[in-house]
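J.: Okay, here's what each chain looks like letter by letter:
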Amino acid sequence: DAEITQSPRHKITETGRQVTLACHQTWNHNNMFWYRQDLGHGLRLIHYSYGVHDTNKGEVSDGYSVSRSNTEDLPLTLESAASSQTSVYFCASSDVGRGASDNEQFFGPGTRLTVL
Amino acid sequence: GESVGLHLPTLSVQEGDNSIINCAYSNSASDYFIWYKQESGKGPQFIIDIRSNMDKRQGQRVTVLLNKTVKHLSLQIAATQPGDSAVYFCADKDSGYSTLTFGKGTMLLVSP
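Heads up: the protein sequence lines correspond to chains G and E, in order.
For the first sequence, this note's numbering begins at 1 and goes up steadily by one.
For the second sequence, this note's numbering begins at 1001 and goes up steadily by one.
Hints in this document: simulated from the structure, not taken from any laboratory.
Be aware that one or more of the hints could be misleading.
To be verified - Computed from the model, here is a short list of chain E residues facing chain G with C-beta under 10 angstroms: (1) Ala1029; (2) Tyr1032; (3) Ile1034; (4) Gly1041; (5) Gln1045; (6) Gly1059; (7) Ala1091; (8) Lys1093; (9) Ser1098.
Unchecked claim - Distance condition first, Cα-Cα at most 25 angstroms in a straight line; then the derived BS3-like pairs of lysine-lysine: (10) Lys1042(E) with Lys1056(E); (11) Lys57(G) with Lys1104(E); (12) Lys1037(E) with Lys1104(E); (13) Lys1042(E) with Lys11(G); (14) Lys1071(E) with Lys1042(E); (15) Lys1104(E) with Lys1042(E).
C-beta: ideal position from N, C-alpha, C; glycine also.
Chain G on its own, in the form it takes in the complex (with noise of 0.2 angstroms):
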């Protein structure tokens, strides 16, 4: 079956070092999506990626950068971790829009990130 997977489930940190999330889809989808989500605050989109090659700033980017050099992945990065960035975040992926056929996003288990 289908999934989509991130890793690690679970993450402590240091202020000012890099992380990586990874995160993992075998669906096939051509979009992927990175969240956070806090309470208070629901989920916001951080990047996007549209293909391979393809990426964009979603409404929290600032401290964050990912890349798409394949279908099935997209790696988040934090570049210097801060404690607000302490999050539990989550991936996503969805097929190519036609209409309502990328409304359903597909998302995965979530990390949980914590920057101390």
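With chain G's structure known, arrange chain E on it following the hints.
T.: Just chain E, lined up with the frame of chain G:
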């Protein structure tokens, strides 16, 4: 002290009751409105969507109502079950884009 802004709105119902979860949106240009369910410790999961030119759509035990005049969306769950306990998010999508804008969520608690 605690900040009210950090608490999720919560709806508590008895098993078998009908539940109504509400959402207000602000983007008049949104083409689709979507509901997601997030169980504890999991990622959100798609429930149902509705296009902006519709005012009602039914799924299995769920109905979404859209009132564009007052920019209001609701999700009705019939015969609520304990397995429906989760956080529910509404989201909207602009025509031509694949990105979603999520609301802050409502927690539904179903007691047996």
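J.: The structure should be examined with respect to each hint, and the outcome stated for every one.
T.: The hints, checked one at a time:
With a least beta-carbon distance of about 15 angstroms to chain G, the hint placing Ala1029(E) at the interface is violated under the 10 angstroms criterion. Look at Tyr1032(E): its Cβ gets to within about 5 angstroms of chain G, closer than 10 angstroms, so that hint holds up. A hinted interface residue such as Ile1034(E) counts as satisfied when its beta carbon comes closer than 10 angstroms to some beta carbon of chain G; here the least separation is about 5 angstroms, so the hint holds. Hint status for Gly1041(E) relative to chain G: holds, with the closest Cβ pair at about 8 angstroms, below 10 angstroms.
The interface hint given for Gln1045(E) is met, as the beta carbon of that residue sits about 7 angstroms from the closest beta carbon of chain G, less than 10 angstroms. At a threshold of 10 angstroms, the smallest CB-CB gap from Gly1059(E) to chain G is about 13 angstroms, leaving the interface hint violated. Restraint check, Ala1091(E) versus chain G: the minimum CB separation of about 8 angstroms is within 10 angstroms; hint holds. Because the smallest distance between the Cβ of Lys1093(E) and any Cβ of chain G comes to about 6 angstroms, under 10 angstroms, the interface hint for this residue holds.
Among the interface hints, the one on Ser1098(E) holds; its C-beta lies about 4 angstroms from the nearest C-beta in chain G, closer than the 10 angstroms criterion. A distance of roughly 28 angstroms separates the Cα atoms of Lys1042(E) and Lys1056(E); the hinted pair therefore is violated under the 25 angstroms criterion. For the given pair, Lys57(G) sits about 21 angstroms from Lys1104(E) by alpha-carbon distance, which is consistent with the 25 angstroms threshold. This hinted pair checks out: Lys1037(E) and Lys1104(E) have alpha carbons roughly 12 angstroms apart, not beyond 25 angstroms.
The straight-line distance between the Cα atoms of Lys1042(E) and Lys11(G) is roughly 17 angstroms, inside the 25 angstroms bound, and the hint therefore holds. A threshold of 25 angstroms between alpha carbons decides the hint, and for Lys1071(E) with Lys1042(E) the separation of about 29 angstroms lies outside it, so the pair is violated. Taken as a hint, the Lys1104(E) and Lys1042(E) pair is honoured in the structure, with Cα atoms around 16 angstroms apart against an allowance of 25 angstroms.
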